Amino acid sequence: DTAVSQTPKYLVTQMGNDKSIKCEQNLGHDTMYWYKQDSKKFLKIMFSYNNKELIINETVPNRFSPKSPDKAHLNLHINSLELGDSAVYFCASSRARIAGAVNIQYFGAGTRLSVL
Amino acid sequence: AQSVAQPEDQVNVAEGNPLTVKCTYSVSGNPYLFWYVQYPNRGLQFLLKYITGDNLVKGSYGFEAEFNKSQTSFHLKKPSALVSDSALYFCAVRQSSGNTPLVFGKGTRLSVIA
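Chains as they are written, first to last, in my numbering: chain R, 1 to 116; chain H, 1001 to 1114.
Since the hints were made in silico from the structure, they are not lab data. The structure displayed is predicted, hence computed values, not measured ones. Yeah, the Cβ is synthetic: ideal placement off N, Cα and C, and Gly gets one too. You may find that some hints are simply not true.
[To be verified] Facing chain H, according to a computed beta carbon distance under 10 Å, are these residues of chain R, among others:
#1 VAL4
#2 LYS9
#3 VAL12
#4 PHE42
#5 LYS52
#6 PHE90
#7 VAL102
#8 GLN105
#9 GLY108
#10 GLY110
[Stated by the list, open to error] Using 20 Å as the maximum straight-line C-alpha spacing, the simulated PhoX-like pairs for lysine-lysine come out as follows:
#11 LYS41(R) - LYS1106(H)
#12 LYS19(R) - LYS67(R)
#13 LYS40(R) - LYS1106(H)
#14 LYS71(R) - LYS52(R)
#15 LYS40(R) - LYS1022(H)
#16 LYS41(R) - LYS1022(H)
#17 LYS1106(H) - LYS36(R)
#18 LYS44(R) - LYS1106(H)
[Unchecked claim] A few chain R positions that, by computed beta-carbon distances, are all more than 12 Å from chain H:
#19 ASN26
#20 ASN62
#21 SER68
#22 HIS73
#23 ASN75
#24 SER80
#25 ASP85
#26 ALA87
#27 SER94
Just need the whole structure built from these sequences, with the hints factored in.
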């Protein structure tokens, strides 16, 4: 079984559309993350949820809205897609983010989003 | 603010030779340091971490990294490179206190040539 799974693996869509990427982890972790990796491979955190509560929200357009129905899922919804949204989006999970704790993050395989 | 610098975009090494992938960091207080590896079309995989204690940490696949506080570095090393080590390597740092996110470097592509 894949520990952190994302769907779809590839997503090709037109500008202006709304799309969602789903993420599920079966590791029993409390914390989940969304990262964006741009064309130069630079990886930057977007959001983090701890037990369904938003704890990190970096400077991301409000067109991006994460939703965590339960602690095993963190979905990413993107409204009004723009060309600059084209990237690979990675979901990750770790044990609970207690201040000062060291938690290894486990990553999904990524969703390659192409906005045309 | 936390930051990580990986000064080399690309490192080329012959199979069997030792390899080094460089990383320097900036963080308030004590750091937690990590190395992750990304193979093509895959997510990042954890390699090793430094929290405290021995400055030389050993990780997966024969990799190790040395924490140097005075030089604020955490270089990744392996005594004998394999072609299968070819991948993208990311260094990451976060503060040991507080609830700050993990900050990644821009990655270094390692190519091991047979």
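Hint numbers not upheld by this structure, sorted from lowest to highest: 3, 5 and 27
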